[in-house]
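> Use the sequences and the hints to build the structure in full.
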Amino acid sequence: MAKNFGKKIKNIGIFAGFGLPATIIWASVVLIPFIYGIWITFTDWNGLAIDINYVGVQNYLEVFTDSTFVTAFFKTVIYAFFTVIASNLVGFLLALAVTSGIKGQSFFRTGFFTPNIIGGIILGYIWNFIFSYALTTFGKSIGVEWMSTSWLTHPTRALIALIIVSSWQMSGYLMVIYIAGLTNVPKELLEAAYVDGASGFQVVRRVKLPLIKNSTAICIFLSISRTFMSFDMNLSLTAGGPYKSTELIAYKIYQTAFTSMEFGKGQAQAIVLFVIVAIISLLQVYFTRKGVDEQ
Amino acid sequence: MKKKLLSTILAVAMTMTALVGCGETKAPAASNDSAESTEASSEAAEVTETAEPVEDVEISFYTTETGKDQMFQDIIADFESKNPGIHVEYIAAGDDQLQQWMALYSSNEGPTVSLMDPINIWENQERMLEYTGMSFVDNIEPSALSTMTFDGKVYAVPQTAAGVGLLYNKAVCDAAVGGDFDPSSIKTRSDLEDLFKKIEATGVDATCFTGVNWSLGSHYLCQAYGAAIGTTEERVAYVNSIIAGETKEIDNDVFNGYMDTFDMMAKYNHNAADPLVGDVNIDAAALAAGECGTWFMGDWAWTFLGPIVTEGQEFGLLPIPHSDDANDPLNQSIATSFAKGYCVDKSQNTEAQQAAGLKFVEYITSDSYAEEQMAKVCGQALPYKNATVEIESPLGLSTANYIANGKTYDFYGTPNLCPSDIWYECGAYMCEYLAGQTDRAELAAKIDEYWSHQEAR
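Going down the list, the protein sequences come from chains U and X. Oh and the first sequence: position 58 is 481 in my numbering, straight run, nothing missing. Oh and the second sequence: position 263 is 280 in my numbering, straight run, nothing missing.
Do not rely on the hints blindly, as some may be mistaken.
What the hints assert, rightly or not - 20 Å max Cα-Cα, derived SDA-like pairs, lysine to any residue:
no.	chain 1	residue 1	chain 2	residue 2
1	U	K563	U	I553
2	X	K463	U	P578
3	U	K563	X	T249
Think of the hints as simulated: they come from the structure by calculation, not from any bench.
Now the structure itself:
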């Protein structure tokens, strides 16, 4: 009995030794702020006030009745839809290109991945200059009207600009995941397909794509969750403009909390975003596992 | 055994690191616990300017006046040399002036002295030390304290007097009128349009709007809630009537007057082809180069103009006329705004820090070196009685002349007339209007809708 108890204590000690530090850190930076954040949603705190009043579920009700939040949500859905398609398509095609054995493919892999490590804020400012001044100067010099004015001052074109730059940045990251999938496709299968007379397109369509289902699922869900949480590019490229037409959901939350100083409401909006992203992540896990089970 | 020992050491080290991370980092600051904060507040309330700071006290200075880092650092260095024992940590706000301020307070490191907009100080007055009765306040022009005074209590002192209006390039205007351009000849909207027509006739664009939300939303639109409405009480009553839904913007003559002038100016806009490409540097360069004759901005624009103008070039400020009444003194006066004020935190700073903070505020609003630097770099009039420094900026001088001639009016008159996010929310509607994507009725309805979500002032 005493031996069992001692063993139990020892096991707890070992677990605590390995698990406790990580648990404390995780709780400090994730769990406690998360619970604190949920608590704030039930208050009228402005982010600075000493006195805090409880307002019940008022902030959540306002989230769903606030037309600007609903607008920002649908804008985000449109942005996410096109960015996910474009970035995955480009990422996959780049992965195909740099795994085909072309000369200097390592260099190209590094090159295409680079935008992802520069950071959204800097990229946003660089592209802001390109869309506002470089392209317009070029457009004026060749006399093309649609290139003579900034893309960022027109609502539709500004959203397209946001999609282009986000896709450009994310495709390099997704390319790496697709590369991992493609390099795991057994060479024998590819050789067999070619021996059977399959064309390059048929090999991609009938052999490679089915065998990288896991990578595809990861890439699609990863890009969906990242686009829903997109903030830095939105801030530096368009700052929600022109006239709030490119205000995505994360940027809207930021404005509510820090510009309008409605921290409680902003936090409630953030919880709604969390639920959306959590559902997407759970779907990713489900479909990825399903893919593994089927193989 | 060795592995076990190593893993134990690593685990202990990690736990200690995590716990150290949770520990107190700033000894002098009060705890975030509400009970202790209240205690700190009540203790702090007893701090007076005469309290001597303890030796080697560290304070922080947070500024939302961006682009003037070197000036503030020079002033801080001079202050530290004159006040040994006080060390000032300089913190400049980023693009968003509130975010970092809120983050500092959330981490229990609220700045000792902050240079903030009056609305921000008003919204957080419970954290601020009251200046009422302190001797350094006597050095401030009384008219400059209205937006820093809440319920008769002074919570901040102003930095500079900012003149808002139409900047003009005198050479362009001289060429347009065929002689020496006299800014006082512009008494009505029609006078201004005549000038614009004459400028256009010389082949130069008459005026320029920088199509950004803060300029159009905060500076242009907010004129419609200012002196043209009436006294401070009348302005507050007007804003409250919009909030209550009793008044509609579209029915208000002052709003329509300013928007009529806006429409007229938009016709002659240098950026008309792409009105929302907002860049103050490019627009400043256009005014300096004589590509446009006037530019809606304020005298702070000297920060952008100063480095690019050539010697001998003359610039000045014109009022924005809101009507065609030549007898309306407002049409010949410029709006002056005491847009930023120095406040001292009492909620998260010790008595010694607050006392040191007061010394810093007193220094920056009365010391000759600080005033000299402020006048030279900001180029704006200083609302301090002992200020004898000469302003080099022609724009600042223009504001000072309007002040000397009694031709200015306080932009808001009260600290909380317009909400802190009006520049972002209504600025977007104004940008949409400037781009021709909405009409005035829709603009007015959107502004009404914005106000309907605000609390009564």
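> Now look at each hint and say whether the structure bears it out.
Hints and how they fare:
1. U:K563 x U:I553: 14 Å, holds
2. X:K463 x U:P578: 18 Å, holds
3. U:K563 x X:T249: 49 Å, violated
Violated hint for the displayed structure: number 3, the only one.
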